[in-house]
Amino acid sequence: ENTDPAPVASVKTGAATVDETEVTLEGSFRYEGTEPVSVGFRYAPTQTGLLAAEIMPTEPVGDEAFLLKISDVPNGEYYYQAVAEVEEQLFAGKTGWFKVDFSATPEVATEPADISAAGITLKGTYKFDSKKIPIQLGFLYATTREEVETAEFRPAEVDGNTFSLELGGATDDTYYYQAVAVVEGTPFRGEVRSIRLVDLMADGAANCFIVPEAGWYGFETKKPDGTVVTGAKAAWVWATEKQILSDIRYENGRIVFKATGDPGNETIALTDGDGKIQWSWHIWVTERPQDQTFEGTTMLDRNIGATSADANLAASLGCYFQWGRKDPFVGANVVQTADSYESKAFDCIGPGERVWTARYVFNSDLVKGFTHVNKTMDETASVADPCTYYGAYNSGGWSGSNAEIGDFWGGVSGSKANYDPCPAGYRVPTDDELAAYIMGLMKADGASVANPTAGGYGKVIVYNGTTYNFPGSGLRAWSALLRYPGRVAFLWTSTISATEKKAQRFYDFRDARAADAICQGMAVRCIKIK
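Under the numbering used here, the residues of the sequence shown are numbered 1 to 530, in order.
Worth double-checking, as some hints may not be accurate.
What the hints assert, rightly or not - Cross-link-like lysine-lysine pairs, in silico, BS3-like; alpha carbons within 30 angstroms at most:
1) Lys276 x Lys368
2) Lys258 x Lys443
3) Lys12 x Lys223
4) Lys222 x Lys375
5) Lys69 x Lys127
6) Lys344 x Lys368
7) Lys258 x Lys222
8) Lys502 x Lys530
9) Lys222 x Lys443
10) Lys443 x Lys530
11) Lys94 x Lys127
12) Lys223 x Lys233
13) Lys258 x Lys368
Hints listed in this document are in silico derivations from the structure and should not be mistaken for laboratory results.
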């Protein structure tokens, strides 16, 4: 007969609650004997470590329940058990798990600022695990980077995980600023950023502006000759793939916009109160094109609109221009070797292997997308309808005579004309200039000339350690159908032909000079103005 049975207790491991660095463990036990019961918890980073872990005792809180609060538990994952001890016998509940992932150090990021007519708004974001420790959020800013370190802390308005500070003053001012979080007297800083409105007209007026990176930009609404263009509103017209500009507005005689920095092309127009386009400008977002000089002549390393200088890539083909027009038409998205036409003009979404046009989006409030009409145009139509391709092969694209239109790209005067499509400091080369540059490179002693490895009849010329890429840019025919993208090189020059409605173009790397109907769309390689 057993008159003194061994004590038996049952233990349950309850929930674990993590509140910042304090962990609360819960448990319960049942014991019907009369011997005293000790309860507590043990925890360790591994399950096997539990057996050797020290038991942390606690007191029951009624109804055989007990809990333990542990402070300053290091970040990590832990296993734990509720335990009870009766007459030196240990009873353990099932194994539980908890995780501590807390930082009293805030993460602070300085975000790109916004520019509006009212001034500049600084922006920041933060992450802070504590809900108990006070935190102050604000900015340091100054007119030089060095002065930011000692600038006065300015508290910000907080909205969720973001905070901001509005600054009055002119948007032309340059500021350096830094988002800051202060915890218990210690500042935690984001990176130092600069905010300024980049003046795209620093090198002069133009119809095309190069934007090499994300940021805020502005330009006065002027033609290349300095003539002021007035209007009521600025709006985007079309963009490759997606809009890469935002916050476009017209104020104080200047168009202001924000660029994402994504490579591509977008056109901005100034309209009157009725939405009629008064003038438009091409925003070419690409890494800064390089100057390449040969025998005293300097040209850009890529076609207008190209986002790469590698002739193997479709991104090197660039945009197309009808001769004498300032506004680009969308380019190609393929390098192909088939000698055929696009199935449908400006087709970028249809099925089939002959869909070659790059994807684009357009502002349906201003234009109907890229369209072709079989008739000629005058200057008014050219400006008002930058997406309309005027193609009438027999009579040419322009209704004016060769004498009237001959200097639209400066081929007669040798200057930068009002319809010139090149960035400031550059212009469309004449027939003689373009042929001398390219053919001179090909024939230069020591030059290596090859076709792009992707196929087609472009040229990659290596001379004196410099690589000159001339892709087979193809063209848009008078019908607006894309032809030979990546296969044959066509480049417009500024030289009008003496024959009917034709202009000189560089074709297929041949010495023979040739002219073509001015309503056709070809790539343009810009020459630097001396």
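Handout entry: Lys69 paired with Lys127 [C-alpha distance capped at 30 angstroms]
Key = holds, 26 angstroms
Practice task
Would you mind confirming whether the straight-line C-alpha gap from Lys276 to Lys368 stays at or under 30 angstroms?
Solution key: The hint holds at about 13 angstroms.
Problem - Hint consistency between Lys222 and Lys443 [alpha-carbon to alpha-carbon, up to 30 angstroms] - result: The given pair, whose Cα atoms are some 41 angstroms apart, is violated under the 30 angstroms limit.
Problem - Pair hint outcome, Lys223 versus Lys233 [Cα-Cα no greater than 30 angstroms] - result: The hint holds at about 17 angstroms.
Problem - Given pair status - Lys530, Lys443, alpha carbons within 30 angstroms - result: holds, 24 angstroms
Problem - Hinted pair Lys94 and Lys127, Cα distance within 30 angstroms - result: Given that 30 angstroms is the threshold and the Cα spacing comes to 36 angstroms, the pair is violated.
Handout entry: Satisfaction of hint between Lys530 and Lys502, Cα-Cα up to 30 angstroms
Key = Distance ~27 angstroms between Lys502 and Lys530 Cα, so the pair holds.
Problem - Agreement of Lys258 and Lys222 with the hint, judged by alpha carbon distance not exceeding 30 angstroms - result: Roughly 19 angstroms between the alpha carbons, so the hint for Lys258 and Lys222 holds.
Practice task
Compare the distance between the alpha carbons of Lys258 and Lys443 with 30 angstroms, and conclude whether the hinted pair is satisfied.
Solution key: violated, 44 angstroms
Practice task
Quickly compare the C-alpha distance for Lys258 and Lys368 to 30 angstroms and report which way the hint goes.
Solution key: With a Cα-Cα distance of about 24 angstroms, the restraint between Lys258 and Lys368 holds, given a limit of 30 angstroms.
Exercise for the section: Measure nothing beyond the straight line between the CA atoms of Lys344 and Lys368; if it is 30 angstroms or shorter, mark the hint as holding. Expected result: OK: Lys344 and Lys368 at ~16 angstroms, within 30 angstroms.
Practice task
Compare the distance between the alpha carbons of Lys12 and Lys223 with 30 angstroms, and conclude whether the hinted pair is satisfied.
Solution key: violated, 82 angstroms
Comparing the model with each earlier hint shows violations of hints 2, 3, 9, 11; every other hint is respected.
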